[in-house]
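Engineer: Kindly generate the complete structure, drawing on both the sequences and the hints.
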Amino acid sequence: MASKRTVYMELKGTVSLYGILGFFGLFILAGLGAFWYMEVYGHIVSGMNNQIVWGLPHVFAIFLIVSASGALNVASIGSVFGKTAYKPMSRMSGLLAIALLIGGLAVLVLDLGRPERIIVAMTAYNFKSIFAWNIFLYTGFMVIVGAYLYLQMSRGIKPIWLKAAGITAFVWRLLLTTGTGSIFGWLIAREAFDAAVLAPMFVAMSLSFGMAFFILVSLGVNRLDGREFGPALLSRLGKLLGIFAAVVLYFVMIQHLTNLYATEHHGVERYILLEGGILTLLFWVAHVIIGNIVPMALVFHPKTGKNRTAIVLASVLVILGGIAQIYVILIGGQAYPLMLFPGYEVQSTFFDGTFGEYTPSLPELLLGLGGVAIALAATIVGMKVLKIVPTTLADSAVDPHHREAA
Amino acid sequence: MNIGLASFGWVTLLVVGLLILLPADFAAAQSTPPNSSPFVLGVPKPIIPQAAKGLQCIAPTDFMRKNHMKLLSHDRDKTVKLGDREIKASLKDCVACHVVNGADNQPVTYEDPKYFCRVCHDYVAVKVDCFECHASVPGITMKGGLNQKSSEAEALAAYVLGDDKKLKPDKPDKAELKP
Amino acid sequence: MTELTTTKADPVSVSRRTFIGGAAAVATVTLAPGITVVAYGSDGEDKLVKGARWGLLIDVNKCPQSCNACVTACSNEHGWEDTGNPLTDAQWIRKVDIKDMKTGLEQSLPVMCQHCETPPCADVCPTGASFRRGDGIVLVDKHLCIGCRYCMMACPYQARSFIHEPLTGQKPYSPRGKGTVESCTLCVHRVDVGRIPACVEACDGTGNGAMIFGNMNDPESEIAKRIAQYPSTQIRADLGLDPGVRYTNL
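Chains as they are written, first to last, in the numbering used here: chain A, 1 to 406; chain B, 1001 to 1179; chain C, 2001 to 2250.
Honestly, the hints are just simulated from the structure, not real lab data. Note that this is a predicted model, so its numbers are computed, not measured. One thing to keep in mind: the hints can contain errors.
What the hints assert, rightly or not - Stretches of chain C that chain A covers, calculated by requiring three or more beta carbons in the stretch to come under 8 Å of a beta carbon on chain A:
1. 2151-2157
2. 2174-2187
Unchecked claim - Restricting the straight-line Cα-Cα distance to at most 16 Å, the calculated cross-link-like pairs of lysine to aspartate or glutamate (EDC-like) are:
3. C:Lys2047 - B:Asp1112
4. A:Lys384 - A:Glu116
5. B:Lys1127 - B:Asp1112
6. A:Lys128 - C:Asp2059
7. A:Lys384 - A:Asp225
8. B:Lys1045 - B:Asp1129
9. C:Lys2099 - A:Asp225
10. C:Lys2062 - C:Asp2097
11. C:Lys2047 - B:Asp1075
12. B:Lys1127 - B:Glu1111
13. C:Lys2225 - C:Asp2059
14. A:Lys12 - A:Asp225
15. B:Lys1081 - C:Asp2097
16. C:Lys2047 - B:Glu1086
17. B:Lys1081 - C:Asp2141
18. C:Lys2102 - A:Glu345
19. B:Lys1127 - A:Asp225
20. B:Lys1070 - B:Asp1122
21. C:Lys2050 - B:Asp1075
22. A:Lys387 - A:Asp194
23. C:Lys2047 - B:Asp1077
24. C:Lys2050 - C:Asp2218
25. B:Lys1081 - C:Glu2045
Claimed, not checked - A short, non-exhaustive set of chain B residues, derived as facing chain C with CB atoms under 10 Å:
26. Pro1049
27. Ser1073
28. Thr1079
29. Leu1091
30. Val1095
31. Asn1101
32. Asp1112
33. Cys1120
34. Lys1127
35. Glu1132
Note that the Cβ used here is the ideal one computed from N, Cα and C, for glycine as well.
Structural biologist: Encoded structure:
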């Protein structure tokens, strides 16, 4: 596999680059402002309450964290599965993964009731808590992917070490997303969660969301800096995205079919799939159709599958659908009332037996978008100061067999 | 289950850094005797209010000035985790003794810059976290009552039965310190 | 070190110190810096009633739908109240009215933290702030709580509240503050000094006598005798959490 040697270069400090950084900066400032507002006045200024305890910030945080591990796909395909064409993109993939994780964790931390006590979360551990495990999984992920990036960028590193780092990172990313899924999957209290299938489902989601992020960011950066991105390579990434979207749908189907078979879960399924109002709409239209079926159609159709705009659109839709999916899982799962007395009609002053009410507030949205902006800005800054982005991703440069394959 | 450990090198570093920084800051402010010079760089030295008359603190003043937070955070765990309501370094007792009365002759709350803790803490710019949750004035001034009657009856019953433990934390403090 | 022991044995409530004047003062003055910290660190034995499992037994038949005494008493005792924001207001205990959909039977009962033997809130808490005391009382150590609300996701009884606003005027024995999670403490501040929870006291006060508080592990206690003699149920017994709150005639 003697492909041409890949040359990596920092991004040029153009006006448009700083303009984009400034644009993200505004969102970061707005996010920090929202954080400060919630910190001073308390969570009363958010839409969250004692029934819906995790709201929009958590949707964004989970989305970014899940995407982070998925953004590492491309590096893994290159190093673990030995696909040469993906290797030049491996550094971008690693950097984006770390940046997305930072963005997600920032949102998660800034939404805490006592964010200033983050030191407590780092020094006092309850080792039975999946949350505590996740703290290790997240910090470990950053360390491992960081080391992987460092090895890639060092000279004279034996390939065996690169491969070892790549495999470690790959295994760790699977653990990380399993851990994130298990945050919900192991909650015995909530009917909509409490299912082992959530862990592999989150892994599937990470593959899909992470790939969508990677396509958008790498295309955007190459365009920003006037570097080439080969259409055949893009088409391959698009097809992968389509496969991942199909896997997500498969797990979603398994989850709901399992619940539909068990009489005790009919209530929650009726709520999510039929009578949940906006949640039902988000599930079917935003998540299933717009977020998965349409992108699949776009990338697999012989014509649009080779079209740059169509693949970009598919990626955007996967991301929007992904946010909708997490929203439905998270908010829907909390809004469906806990069943303390099965077979009884229930009422109380504390909303027993009623569907939880939740209207996301502006500060929550700004905080969530701030996290996305942190992730993207960190990616661009990283690409500006480090040799991350290859000078060209033209098909002939990344794949010596390109012409034969095409 | 809950094991306090600074596991990662960097976490340790961060914790140690904070531990060194914060008390060092505070100790520095205490190392010069209060009121020796009215102004240091234009910031008036704190004039530390006297505690309630005739009462003795649980340790000498110099020791308390440097170590009160360690005592408090150590003993709080004994109450919270081990159910020990007779701890020495009880914040409730601190609050009861170190009362500063306002113009209305009522104890001022933490909101007031004259509040005992704030006099020094404002000076050294160290935030006190305690009173976001804990009452900063003795119980008697709490709004809404303390269901006095029932607990008074309880206390009386306990007294008659001769169990002095039952007399303890809720009631007597307030009666003593009523302004 | 003898002085230290004296100090420890001597309860140092403000009132006591006032009563006995200089005695406590002598003991404390002898404390040398440094020693105190060691002394504090060395005595960690708990003051819990040995082998206790505190619990409640609630007779639903004796609990009229119209009565809210336990809820009011809890609110007064701990200072949580209706601020006009039902979605975000804390509620440590609530009356739940239930109606059997098949038979039409209507009942009413108080629901609060069920003080599980194996509490899911404590399992999921990342910092160990949610914990179960040796005597079965499930608490939040608000010094450790970072306000992540995972425990609220994990509790099957919807027993917990998050404090959404800055608070003032807390009760000295019931610290509560913005950004932390809280729930029924089984009036731990009362239990530790040999008193019964406010809700039970209030229920007795109404003459309904629907609530019994006691040590379920003490065969001589009324609660232990009752649950040994009559059938009692646990809410969501299927989860196997072994709640410390039991109901009869439910």
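Engineer: Next step is simple, just say for each hint if it's right about the structure.
Structural biologist: Hints and how they fare:
no. : hint                  : result
1   : 2151-2157             : holds (count 6)
2   : 2174-2187             : holds (count 4)
3   : C:Lys2047 - B:Asp1112 : violated (36 Å)
4   : A:Lys384 - A:Glu116   : violated (31 Å)
5   : B:Lys1127 - B:Asp1112 : holds (14 Å)
6   : A:Lys128 - C:Asp2059  : violated (35 Å)
7   : A:Lys384 - A:Asp225   : holds (10 Å)
8   : B:Lys1045 - B:Asp1129 : violated (22 Å)
9   : C:Lys2099 - A:Asp225  : violated (67 Å)
10  : C:Lys2062 - C:Asp2097 : holds (14 Å)
11  : C:Lys2047 - B:Asp1075 : holds (13 Å)
12  : B:Lys1127 - B:Glu1111 : holds (13 Å)
13  : C:Lys2225 - C:Asp2059 : holds (14 Å)
14  : A:Lys12 - A:Asp225    : holds (7 Å)
15  : B:Lys1081 - C:Asp2097 : violated (35 Å)
16  : C:Lys2047 - B:Glu1086 : holds (9 Å)
17  : B:Lys1081 - C:Asp2141 : holds (8 Å)
18  : C:Lys2102 - A:Glu345  : holds (10 Å)
19  : B:Lys1127 - A:Asp225  : violated (47 Å)
20  : B:Lys1070 - B:Asp1122 : violated (19 Å)
21  : C:Lys2050 - B:Asp1075 : violated (21 Å)
22  : A:Lys387 - A:Asp194   : violated (44 Å)
23  : C:Lys2047 - B:Asp1077 : holds (12 Å)
24  : C:Lys2050 - C:Asp2218 : holds (10 Å)
25  : B:Lys1081 - C:Glu2045 : holds (10 Å)
26  : Pro1049               : violated (17 Å)
27  : Ser1073               : holds (8 Å)
28  : Thr1079               : holds (8 Å)
29  : Leu1091               : holds (9 Å)
30  : Val1095               : holds (7 Å)
31  : Asn1101               : violated (17 Å)
32  : Asp1112               : violated (12 Å)
33  : Cys1120               : violated (18 Å)
34  : Lys1127               : violated (14 Å)
35  : Glu1132               : holds (4 Å)
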